[in-house]
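Participant: The sequence shown lines up with residues 1 to 300 when you count with the working numbering.
Treat the hints loosely; a few may be bogus.
Heads up, simulated SDA-like pairs for lysine to any residue below, C-alpha to C-alpha not over 25 Å straight-line [claimed, not checked]:
#	residue 1	residue 2
1	K291	P2
2	K151	S164
3	K291	E223
4	K291	I275
5	K151	P166
6	K151	T89
7	K291	Y268
8	K151	K291
9	K151	R192
10	K151	T92
11	K291	R279
12	K151	R279
13	K151	E246
14	K151	A201
15	K291	L253
16	K151	L224
17	K151	R116
18	K151	G79
19	K151	P185
20	K151	G183
21	K151	I275
22	K151	L253
23	K151	V80
Worth flagging that the hints you see were computed from the coordinates, not collected in a lab.
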Amino acid sequence: MPVEFIGLLATQDGSASTPATTALGDPAYPTRLARAHEDSGFDQVLVGHSSADPDGAQVAAYAAARTSSLKFLVAHRPGVVAPTLAARTFATLDQFTGGRVTLGIGTGGHDAEQRRTDEYLGVLRRAWQSTEPFAHTGAHYRFEDFVSEVKPVHGTIPIYFSGSSPAAYRTGVEHAAVYLFEGEPPARIQERITAVRAEAALLGRAAPGFAVSLRPVLGPTEELARARAESIVGRIGETAPAGTPETVARRLLDYYDLGVTTFLIHGYDPLDDAIDYGRELIPAVRAEIAKRDAARLVVT
């Protein structure tokens, strides 16, 4: 089964361990970082959302014009703008990048917030698909006679959804192409996958794909990798698997065996870590999966 790798498109060169040396609005660094991810075999990069940072859609548009195949997972917070405006914004971006946009949605765990998110995403997706003006009257959004002439290249834009509450599971099953989990031990991720699949069965829908976010720390030896991890994060957490590329690849494959087919991986030195992941980690994971797929074909 194919596996997807997503990196992080930072807009400054700072990290958890080093201060930034580039200006927040300087496009040179994210351009360099996007190209490094593309050259390193990443499928996508996540463009984060913050009220204090450069607008993610604008950053993605600029970087997309300077890459050729890399996709952009643009983080978006429901409720910041009207869903009709968001639908037109992201459809335009998708058209101008040749269909290289996906949308990252994360919300809180409260039921009320999930209800608003569910309504928001319903409007968003209908706006992408409707060819005729439509009206909507809901608890949070009301409008009449809306239609957008601009549509996503492939008819819709895949949604990557994150959230850890039962209410979030319902929203994710209704709208997401991929459900993204924060990095936790495999046993805990298995529980979450089981819960999402159960919700999908209850609603009579196909389960989404699954993704996990991790921050690998690589080194030429186990000892050096652990020392580096300790110096950066103070301890080796479950979201920061440390070791040689071969060791970390096995850790990622533990998640793959549970049904995870998308990995959001980013380190503590954005540019150098992306290059390192592409040099050994990503090829190691893909090679092992290709070997398994080939063996499965022989057996069948």
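Participant: Against the structure, test the hints numbered earlier, and report the numbers of the ones violated in rising order.
Facilitator: 2, 3, 5, 7, 8, 9, 12, 13, 14, 16, 19, 20, 21, 22
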